[in-house]
Amino acid sequence: MPDLPEHLKKPFVNMLLAAADDKLFLGHRNSEWTGLGPILEEDIAFSSLAQDDMAHASALYELAGSIDGRTPDELAFGRTAEQYRCAAIVEVPDEFDWATAIARRFFCNHFDLLRLTRFSQSAYKPLSDLARRLVAEQQVHVTHVDDWVIRLGTGTPESHKRMQQAMDAIGPLAPELFEPLDDLKPLVDAGLYPGSDFTMYDEWTATVEHVLGQAHLTVQMEVGSPDDRGGRRGVHTQYLAPMLDEMCEVYRLEPKAAW
Amino acid sequence: MSKLREKVDLVTGDLESPPEEDLKGYVIFTQLKMGQPHLYAGYLDAADDDMALIFAREHYGQDQECVGIWAVPVEAVSGTDAAHPASHDIGGVEMYQVFIQARRGAGHVSAETVQARSPAEAIEDAQRIHTDPSKYYSLWVVPQHLIASTGPGDVIWRYSDQSYRLARGYSKEVREKWTKFRDEGSLNEYEKDDLKEAF
Amino acid sequence: MSGSANVGVHVDHESKEDPALLAEFQRKIDAGELIEVDDWMPAAYRKGMLMMAEHHANSEIVGALPEGEWITRAPSLRRKLALTAKVQDEVGHGQMLYRVSQDLGKSRDAMLRDLITGKTKYHNCFNYPAPQWADIAMIQWLIDGAAIMNQKTLADGAYGPYVRTMRRINMEEAFHFKSGEDMVLTLMSGTKRQRDMAQEAFDRWWGPSLMFFGPPDKPNARQLPPMRWRMKTVTNDDLRQRFVDRFIPAALDLGLKIHVVTKDEHGFVTSKKPDDKIALNKDTGHWEFTSPDWDEFFRVIRGNGPCNAKRLALRRLSYEQGRWVRQAILNGSGSLPPAA
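Residue numbers (the working numbering), protein chains in the order written: chain A, 44 to 302; chain B, 1388 to 1586; chain C, 405 to 744.
Misleading hints may appear alongside valid ones.
Claimed, not checked - Chain B side only, calculated, beta carbon under 7 Å to chain C, not exhaustive: (1) 1398; (2) 1404; (3) 1429; (4) 1468; (5) 1492; (6) 1552; (7) 1568.
It is worth saying that the hints were derived from the structure and are not from the lab. Glycine included, each C-beta is placed from N, C-alpha and C at the ideal position.
The shape of chain A in the complex, shown without the other chains:
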């Protein structure tokens, strides 16, 4: 394993955890649909994408753990709510509304494609190697979700209305994905996280708005997060703790045991 300078280890792990936590809870939320999707074929597909997300999280946890010594399961299941670094958009429940589920995936998938692309250019080879594989899979997710956004946005008047409502509800949470991480600058300077988040934000809004244009949908977004919240700092919505309690219900019975 190549050496990371000691003072960069903590921010680097923090950066990996933010990416992994987003993926874990996106996959977790989407796996709630397994067996209940609107069409059997899409039920299958959605579960497949949810597995990718959780598998990506697992691979990123493994990398983070190789630096700070924890196992992927300890990282996924063994932290307290304020130790997670996920953004609000993956925390909120979708209330079994397909439009909300799709809107959430849409913003997250495009964001993840850009983030993983940055990772694939990292000077830390274990990360760039991993991210190159994940980028290829992430492209599949983007294609899939774009297709759904356009179909539903331009489908029937009802589907258009539902999608617009979902965009109105979920859209404002989406820019919080860009909330700056602690100590990102030294990582950027060291080439461990190349590029700046500002250009990434511009790339992201351009792509997102392009697809939404094709779907005849609009979204209101403002950069920044509310003062009382910041997932990247561990200040989460009210939805994370109960989701975590559910996810860890069995794990916490015997945290040291193999399951």
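Starting from the structure of chain A, add chains B and C where the hints point.
Frame of chain A; chains B and C shown alone:
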């Protein structure tokens, strides 16, 4: 939503909504390695070609490592079997993809292409190539332009570790764990009933 | 998962068919040939196969529900991934089996509607609760183990489209069963609490897995159409015996105790005593066991099991919530902006 699974309203009785139309049926073929034929994988329902490919990628494309997928509308298939009657209506010359079913009950596999003016003519052409009737059970032909295909280089099978969804991802560990409880003989007897994992 | 052993396929009226056609049909079956959708077949055979494939498909998508409840609670990343994949496979099996039935003349929509309004049935065992993580382990070991035994024999059947689907399904069952074994072995190698959880779940699922193969056969089962036409190839009782011969010694070696239990209306065990019939009969080479409570079986099949109402209500909610989505992709313009 997990709460929803727990606390669902127990509605019964007739449905208020009217019956719905089914989506369109598609036959899906998967290609396991570049340059190899496309093999029958199964059916699915979709609204159109793009959706059929998107669905097929996540279902039949994840059964085993594969590099290409074809989605063919069921209605575009003509064959020597009674389930897919071939039209004799003469139209413009076009390319037809031929699929061969080697024996009764087997899945169809892609073979050559032929040029013809109708499905019936395409079948005749194919039969001129496959002259030995003992070598195949039935033939299908599909106008090539009606086959939706994934592109070269499209990601289908995932790079991430898939061992969690394959029996072989567990076999070794399971065998080791059993040895703590059972002797070799009874374990071998027990494992006789295992299914072999092969498509 | 699932399998259709306990679907009551009542096939009769063959006398109305043309005797020459019927004789040729029987000849093909006896010669081990496969019947395809476009071949001539007795009306009762078509109806029976449709009912069997539909029941099997229903069982797959309802079978996805009890395990689906545990995806969000799976205790490790690998188990979380595996359980999502396993439940996903079941939906996939349902999708493929509905296609077999669609080709026999019933639309998928009609089948889904009949299922959620209680007009058609699905496999009985999914009407039992899965209150603990260990239930997931036992379902994948015992119920999937039973399903494999059943489906292996269904893959030797005579109806081509069903047989091909069964072969494909069986590939995936290999993963389900191994992952189930791995979970059971892990629990039984674990802490006392884990072993106790496994025993309790075993007590809940032993009965339903014996019932899995359906009620005891009629004495003339082999002469009746379902077996004469190779819709099924082995009797319920023979399959059940194969199952216990494999699983009783395995369970005992693992340290599990086999109990005869009584359950309350929610499917929870209220009392249990050791099954004192459990013994290997040296003469026959087969294991003996106490038969499950067939009164309970018929009660649950009639819709009065612990979870019947909940399972159907959830499938129904999924159907109703998904309606606007299906409308949008079926009737949507796909390119034009919708009316403002």
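So, going through the hints one by one against the coordinates:
1. 1398: Holds. Min distance 6 Å.
2. 1404: Since the shortest Cβ distance to chain C is 6 Å, the answer is holds.
3. 1429: 6 Å, holds
4. 1468: The hint holds - residue 1468 of chain B has a Cβ within 7 Å of chain C, the shortest such distance being about 6 Å.
5. 1492: Check passed: Cβ of residue 1492 of chain B comes within 4 Å of chain C, closer than 7 Å.
6. 1552: 4 Å, holds
7. 1568: Holds - the Cβ of residue 1568 of chain B comes within 7 Å of chain C, reaching about 5 Å at its closest.
Hint compliance for this structure: every hint is met.
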